[in-house]
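J.: If you use numbering that gives the first Met the number 0, the sequence shown corresponds to residues 0 to 69, in order.
It is worth saying that the hints were derived from the structure and are not from the lab.
Computed from a prediction, not measured in an experiment: that's the story for all the values here.
Backbone N, C-alpha and C define an ideal beta-carbon position, used for all residues, glycine too.
Hints may contain errors.
Claimed, not checked - Here are the in silico distance ranges between beta carbons for each label pair:
| id | residue 1 | residue 2 | range |
| --- | --- | --- | --- |
| 1 | 13 | 49 | 30 to 40 Å |
| 2 | 2 | 38 | 29 to 39 Å |
| 3 | 20 | 63 | 39 to 49 Å |
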Amino acid sequence: MGKFSKKIVALVVSLNAVFTAAVFYAFLRVGEEPTTLIAAWFAWTTGELWLLAGIRKAKIKHKAGDGDGV
0 MGKFSKKIVA LVVSLNAVFT AAVFYAFLRV GEEPTTLIAA WFAWTTGELW LLAGIRKAKI
60 KHKAGDGDGV
């Protein structure tokens, strides 16, 4: 899972950078920022990373023998 999770993290960081650049461009063209879209986007990507971290933590805990069969 190590390589897969690193790729997911890299993808999320890259998508955040592209999204940020697109929002800056839209702001320069329109003059308004899409605050709801920005909040939703970063909430979603943060949630994805938190879930990935939780899965990884559970797997590490399970490998150590402290898990409950997860």
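J.: Does each hint fit the structure? Answer for all of them.
T.: Quick rundown of the hints versus the structure:
Against the hinted window of 30 to 40 Å, the Cβ-Cβ separation of residue 13 and residue 49 comes to about 18 Å, which falls outside the hint. Checked against the given bound of 29 to 39 Å, the beta carbons of residue 2 and residue 38, roughly 31 Å apart, stay inside it. About 41 Å separates the C-beta atoms of residue 20 and residue 63, a value consistent with the hinted range of 39 to 49 Å.
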